[in-house]
Structure formats: structure tokens, C-alpha cells
Amino acid sequence: MAAALFYALSLICIVSSLIMIFHKNTMYSVLFLLVTFFSVAGLYVTLNAQFLAIVHIIVYAGAIMVLFLYVIMFLNMSHIINFQKSKAIKIAATATGLMFLLVIIAALSSATYNGNVTAGHEIGLASTLGHIIFNEFLIPFEVSSILFLSAMVGVVIFNKKDLIDE
Amino acid sequence: MNAIILLALVGVFSMFCGLFRLRTLALPVILLSLIASLVIYQYNMHGDFSNLLNNMVRFDSFSDSFSIVIVFSSIFLFIMSRYYYSEKIEHLTDIYALITFSVAGGILLVSFQNLVMLFLGVEILSIPLYILAASNRRSLESNEAGLKYFLTGAFFTSIMLLGITMIYGAYGSFDTDQITSLIQSQGASPLFVLGAVLILCAMFFKLSAVPFHYWAPDVYQGAPTVLTAYVSTVVKIAAMGALLKFAMFITHYESNIWVNLFTFVAIITMVYGNVVSIVQHNFKRLLAYSGIANVGFVMIAVIILNDNSVPYILYNLLAYTVAAILAFSIYSTVKTHTGVDTIDELAGLLTNNKLLSAGFLVALLSFAGIPPLSGFFGKYFIIAHAVVAEYFWLAIIAVILSVLGAYNYLRISAAIVKSNDSIPAIQLSMPYKLYIIGSIIVILALGIFPDQVLDILR
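In order, the protein sequences belong to chains A and B.
If you use this note's numbering, the first sequence corresponds to residues 1 to 166, in order.
If you use this note's numbering, the second sequence corresponds to residues 167 to 624, in order.
Hints listed in this document are in silico derivations from the structure and should not be mistaken for laboratory results.
Quick caveat, the model's predicted, so the values are computed rather than measured.
For lysine-lysine, the following DSS-like pairs were computed, each having C-alpha atoms within a straight-line distance of at most 25 angstroms: (1) Lys314/B x Lys85/A; (2) Lys584/B x Lys520/B; (3) Lys90/A x Lys24/A; (4) Lys584/B x Lys501/B; (5) Lys24/A x Lys85/A; (6) Lys90/A x Lys314/B; (7) Lys599/B x Lys520/B; (8) Lys160/A x Lys314/B; (9) Lys87/A x Lys24/A; (10) Lys314/B x Lys87/A; (11) Lys584/B x Lys599/B; (12) Lys520/B x Lys501/B.
Derived, one-sided and incomplete: chain A residues facing chain B with beta-carbon distance under 8 angstroms: (13) Ala107; (14) Ala111; (15) Phe137; (16) Ile139; (17) Leu147; (18) Ser150; (19) Gly154; (20) Val156; (21) Ile157; (22) Phe158.
No residue lacks a Cβ here, since even glycine has one placed at the ideal position from N, Cα and C.
Can you make the complete structure from the sequences, with help from the hints?
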């Protein structure tokens, strides 16, 4: 049952992300991205990471998706766009991408794995996560506040009216 | 840790200064806090955070030396920014706050001990840069620079994350010490090599090493000059510190791959930077390419990687930094007063502006590597380091290319001393004159007492 669920969710995830990349209409791309997010959240649930699944849906399927939709609406990109690229760039990009894929496949196939990993029942609970964040990862957690603060300052700088200049 | 907390708090304080109309207070407080951070590092007053750190960051002699150079250089940068931005800029205190946050990120980056901290350090260092690059909202070029820098930077951030994930996938840990012991006990996994290469790509991007250099000239040209000076100096010191620390970490695994990789990058970076800079006419673009060339030069010491590499690299970067900030500062002063943009238009600067030209010439001759200026010893130590380690052909390439690079700086110097009085005299305030004289003294002092400086950096 669990295996069947895993394969079904993985299939949905892979197919919808491929459609997202190859669809010419950006609106459909965004919708299939949404499907991808939900199927990944489903995978998290099967791995006992309920909290991560909920956060994933709230943050990605909620906030980031709204952002994408707004950008598409603002830029009026609902019609099909044909990018003009020179052949040389296309060939170079394809070759580079395939070479990178080859490297990843080679590395993955020659790596050794230490048997099957079974997720503990406690692993995805909010309290477990909290313990890890406030013990082991306390410094990164606190330090990231500087990161978010500077991002917020950036938003203010770009959007506030220049009172002195005008 | 105390210095990072101090700088973060002072950044917040600087924003409050803007809120309560106390703009003039922000800069002195930031400068004081930078000097306080220097004291913290010199006298090892990191504070006792041992029960919280969990081996996330480590403050040892390596990170102390790098942090001292980062903080020392940013003092010059803040003084430069005082004269670059007029008091009337609305977001002056926010800009100061962003640079302060970024300096704190640089210090974190050179003290990382855990790959999570590596990622966070890079991000805290970079996010303010993207904002600052686009902070001149009226200028189309600045907007373009900001967007370009942001998009390429975000792309390389994702590459770095992919690399970190690969390493985590191979060993199940972010801790470099644990990974090192796992590598020694069970051998290196191919996933680890792939991950390390991806992380190195992101670091080469931050250092603008070839083949990840293409953003640098456009961003340097379009961004406000203070940001250009910051990206080409302090950011490179921090990124080089991270690269050196990461190189020390990955060479626990068979070092041949890495030596070949670094050698390849160092040589193409030096060749590309020096050769392409010959055909540049815009001063900021030229310094972008000369910065690229210098990164290739410094990377020679990363290839050799022994106990002497750290002080030599730091000396070279410090010498480059002080001269570059001075050159950028004088260039931006000349540009705001006269509208000069290309190198040819700088002709005859000496006729009416003796002090500005003197500062400019000292900086340029230091870049070119004329003794007794600090740039000479910066180059000398690295080349001597290569010779001692018996990398003769690398030393020969470095010497040939630095002669080629010197041509560029002498070309600008020749333009400045031309007898031509097309550039009118520029009125300088007293503190700014003192700043130029102070920078000249520092460049000379670094060059006259190189051994004492190396002792401090060790």
C-alpha cells in the first residue's frame, strides 16, 4: 500500500513537473507547478514528516504560488511566448545540460548506500523539529534573522518614495 | 561571535538613526563598532558561546586573521561611502545598515565549520549586495546591474545548495569535522566529489573567477561605485577565506583532482583578466578585469596550500583592497565633479588636482607592483611561494601576466600625468584630504614593513 502510494505520487510529481517545464503557456506551467508541490507534500506525509508537508503547502502552494500568479498577471504573460535564441546557444545549452546530467548519473550510480532508510515515527512532528532547531541549529536559526532583515530593508528601499529628492 | 552580534546590532541601530533623523550619528557609531570588532579579534574576546555553537562556527587563528582584514578594509570602505553619498540620500542609513550586515556575513563565512553556516554566510554576504547594486533607483544601469547580479547570484546559490545536498546525501551530516572523519574511515563517495565541485562553482562565481566571471564587468560598471569597491574588495576577501577553508576541508580526500581544478581555474582567470583588460576604456570595467586577474593570481597560493598560504593570500588581498578602495574613491570624486568616465578623459588630472592625482598614482602603481608600494610585495610573496613549492612554470606564467597587467595601470598613470589642463581643480574637504593621505600612508606602510604585517596576519 505504502509502496503503491509512493509510486503514484512520484509519477504525478515527475509528469507534472515535466509538463510545467515544457508547456508553452505560463498559466498552465504555474498550475502544474502547484500539482508538483502537492504531490511532493504527499511524499512528505508518507515519510512521516507531517509538519514539513503542511509548511510546504502553506509556503510554496500558498505564498510563493500567489507571487508567481501575480507576476504573470502583471507582466501579462498569459499568451504564448516564443523565445528567439540562436542555434549555437541552444546546442551549447543542451550539451552542457546533458553533460551535467551524465555527471550526476555517474556519481549516483557509483555511490554506495547504507541500506534502506526507515523514517522514525517522531521525525516529522513539530516538537521534534523545534528541538533540533533550538538545540543543534540554534546559531543558524538566529543568524538567519540578519538575512531576512536585510531582505526586508531591500524591499523598503525599492518601494518607499524618495521624500528628499522629490 | 561577539563581533558578529555587535555588527548586527549596530546595523539595526543605524536604521533607527534614519528613523529618528539622526543621520550624522550612524557613521561614527559604525566606525567605532568596527574598531571595537578589531579589538575583539586582536585580543580574542569572542565570548563564551561554547554550549550554543555546536561546531557551527569556529573562531581560530585562521578566521581571526581573515576577519581582521575584512573589518579593517570595511573601515576604509565606510569612510569612502561618507564622501560618495551626499547627505541628502533618503536611504543613507539603510545603506550603511546593509553594508554592516554584509560585513557580519563575511565574518560568518570565513569562520564556517558547518555547511549550513557556509550557505547562510554566503547569503548574508550577498543579499545586501543585490539590493545595493540596484540602490540607485534613478539609473537604468544600476537597475540592470542589480537584476543581473541577483539572477545570476540566485542561480549559483541553487547550485551551491545542490552541492551541499549531495554531500549530505553521501555522509548524512553537514558538519565538516564529522564528514572529514567519515571520509577517512569509509573513503570518499563520488557524490562528495560532485557536491564539492558544485560548491566550488558557487565560490568561483562569488570570486568572479573565469569561467564564472561574466557578471562582474556589467555589475561593476552599473552599480554605485561604493558597491563596486565593496564587491571587488571585502566580498572577495570573504569569499577567498571561504574557498581556502573549503579547500583545506576537501583536500582530506585525494588532493590531485583539486590541484588540477584550481590550477586550471587560476591560469585561465589570470590570462583572461589580464588580456581582456588591455582593451578596456571604462575605468570601472578595467578594474573589474584587473580584479579577476588578481583572483587568479591569489589562487596560485590556494593550489600550493600550506601554512604560509594564508598570510600571503591575506597580504595580497589587503594590499589590493586598500589601493582599490582609494582608486575607486578618487575616481568617483572626479566623476561626480567633472563627469569624466573613460580613461582617456582622465588625461591631465595632475595639472590642477595634485593630491587626487598623487593618491590615484600611488594606488595604480601599487596595482602594477612597483616597489616599495604594498602591491609589489603582494605579488612577490605569491610568486616566491610558488617558487619555493617548486611550481616554476606557474611562477613564470604569473610573472609574464603581471607584467602584462602592469601595462594597464601604467597606461592610466601616463594619461594622468599628461600636460593638459582640461580638468578643472576640484575642491576637497579637509577630512577627505586626510583620508587620501591616510590611505597613501597605509599603502606605503604595508610595503615598507611587510614582515611585521605578515606576523599580524599569521
